[in-house]
Amino acid sequence: MSFTSGTFIVFVLTALVVYYLVPQRFRWVVLLLASYGFYFTGGAGAMGYLLFITLTTYLAGRVLGALNEKRKGLPATDKAGLERVKRRKKQVVLVTLLGNFGLLYAVKYLGVTFDLLGLPRPGLVLVLPLGLSFYMFQSVGYVIDCYRGKFPPEKNLAKFALFVSFFPQVVQGPISRFGDLAPQLTKGNEFDADQVKYGTQLAMWGYFKKLVISDRAGVVAATVFGGFTQYRGTVLFAGVLFYCIQLYCDFSGGIDITRGVAQMFGIDVAENFCRPLFAVSLTDYWRRWHITLGQWMRDYVFYPMSLSRPLTQLGKWTRRHIKGKLGKIVPTSIATFTVYFLIGIWHGAELRYILFGFWNGILITASLLLEGKFQYWRKRLHIRTESLLWRLFQMIRTSALVFLGRYLTRADSVRTALWMIKMTVLDPEIAALWDGRMLALGLNGWELMIVFLGMAVLLTAECYQEFGGHVRKALEQRHWLVQWAAIFIPLAVIFVLGVMGGDYIAPGFIYQQY
Amino acid sequence: MEQLLKLLSEICPGIDFEKETALIDDGLLESLDIVTIVGEIMDEFDVELNVDDLLPENFNSAQAIMDLINSRRS
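First to last, the protein sequences are chains A and B.
Take 1 as the starting number for the first sequence in this note's numbering and just add one per residue.
Take 1001 as the starting number for the second sequence in this note's numbering and just add one per residue.
Source of the hints: derived by calculation from the structure; they are not laboratory data.
Every value quoted in this text rests on a predicted model; they were computed, and no experiment measured them.
Check before you lean on any hint, since a few could be wrong.
Think about it this way: if two alpha-carbon atoms lie no more than 25 Å apart in a straight line, the pair counts; the simulated PhoX-like pairs of lysine-lysine are [as the list claims (entries may be wrong)]:
#1 A/Lys323 with A/Lys373
#2 A/Lys325 with B/Lys1006
#3 A/Lys150 with A/Lys86
#4 A/Lys373 with B/Lys1006
#5 A/Lys155 with A/Lys72
#6 A/Lys379 with B/Lys1006
#7 A/Lys187 with A/Lys159
#8 A/Lys90 with A/Lys70
#9 A/Lys316 with B/Lys1006
#10 A/Lys86 with A/Lys70
#11 A/Lys328 with B/Lys1006
#12 A/Lys90 with A/Lys72
#13 B/Lys1006 with A/Lys323
Turn these sequences into a full structure, and let the hints guide you.
The following block contains the structure:
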């Protein structure tokens, strides 16, 4: 059941009515039934994966909780006993991680492994269920938090199953934390008209991004990348630009729908985007784009790796033997590369995704190494780093670096991406801007105008937010007529201009395949 | 404390570590800074810190970091 289908709207409305009608202590059961019903519509086979992950991580949490209790009961003098418990906890986490990531590997990467080994693919092909890596990462995060003793494990299996499967976020995240999400899911929220109104507005904003902007921009991207050999510089550039617009509006629009629907139930789901176009560096970009994946990688990969014994020992050695900044950043750079390698390969088991990860890792490490030099040149050139112009320069520079990386994630191979970059630079053919070639990429002038106007609205709103504004709260201060207009005008825009209606079915969300 | 303030200022110049009390909450320290700070602290103060210590409340101010070091020394 896609977020963009009429069935989904009816489904959410029904769930909302039932949720607020039943007594508060049973409301979480409504959410659980809705979540399992929603996931079941994606295919009965997918339920097996969901159940496997739910059961294994639930059991691991329970065992770890019991071991944590046992550890607390042991006297500090019982070194052997404490060590035994610690070892046992590590074994539990290891087995759970192997089981879960092994499943992800089998579904996502086994076919490619056979290809790489030059062997024929096995007859039995496992189908990748919707959103597998999102709810798996969320559940694995829970297990590691239990290992770290952050909270006592959930004892109620059904309540835990709701945490894993909460329907607005099960197909494309965000990757929530147990401590933040689970209490909100199970407490039985009271009806709050403001929450329902805010949630509706946020979901509509998401639909606007997805149906009015993204699905149109995707047409141009598909035309250009599909027949890239026919095009040169400016058209190729436009293809990547439209792909960037498509990707951002698709993913962040989907997340807005998720957060909006959750808010209607009184549930505050984690932010996943914070206006990435306004990022001033690549590190800042990754703090603003797919935030929950970045935080997951930071807490469960980057920190443990950086502070692991081998890397801290290596760090001590490099600080002593390698002079300057390089000696200091070796361990963190290894962890940084690992994180971006994982983010790359998470997108797919292809060389272009791995290179995309390394592209980010190299740039971030290089910027750390060269920070001193940058500071020196900024002083020499008398650049006022607090000026708006400098901020604008930083934003454009960051966007350009991200833009280059996007050639890799959308082209069908590294060779194609490099060829397209080469052609963009060496053979610009700027005449394509006015000789009508832009109108032959799948969208006519009117359709292109809608994309540009949509982006203008989006950027204006984001600019307002970036400088501290809050659109929905600002609306609250207005006359009631303006408030209603703010709901019905966008609704009309989505219905009239949204890519839907007739026989057309809006394409699925890009990130739900991960 | 002075030793710690000196170390922090060397790693992250431009931050007033004596006054700031929301280094993490306000985003003044990034993950890379934190790992570097932890590495330097383990060297300078000869204490063992691990990933469980990486809580915002342990790094929000110089005093909180000092308290963390002291708790590991005892």
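Verification of the supplied hints:
{"no.": "1", "hint": "A/Lys323 with A/Lys373", "in the structure": "holds (16 Å)"}
{"no.": "2", "hint": "A/Lys325 with B/Lys1006", "in the structure": "holds (17 Å)"}
{"no.": "3", "hint": "A/Lys150 with A/Lys86", "in the structure": "holds (15 Å)"}
{"no.": "4", "hint": "A/Lys373 with B/Lys1006", "in the structure": "holds (22 Å)"}
{"no.": "5", "hint": "A/Lys155 with A/Lys72", "in the structure": "holds (19 Å)"}
{"no.": "6", "hint": "A/Lys379 with B/Lys1006", "in the structure": "holds (24 Å)"}
{"no.": "7", "hint": "A/Lys187 with A/Lys159", "in the structure": "holds (10 Å)"}
{"no.": "8", "hint": "A/Lys90 with A/Lys70", "in the structure": "holds (15 Å)"}
{"no.": "9", "hint": "A/Lys316 with B/Lys1006", "in the structure": "holds (19 Å)"}
{"no.": "10", "hint": "A/Lys86 with A/Lys70", "in the structure": "holds (10 Å)"}
{"no.": "11", "hint": "A/Lys328 with B/Lys1006", "in the structure": "holds (17 Å)"}
{"no.": "12", "hint": "A/Lys90 with A/Lys72", "in the structure": "holds (17 Å)"}
{"no.": "13", "hint": "B/Lys1006 with A/Lys323", "in the structure": "holds (19 Å)"}
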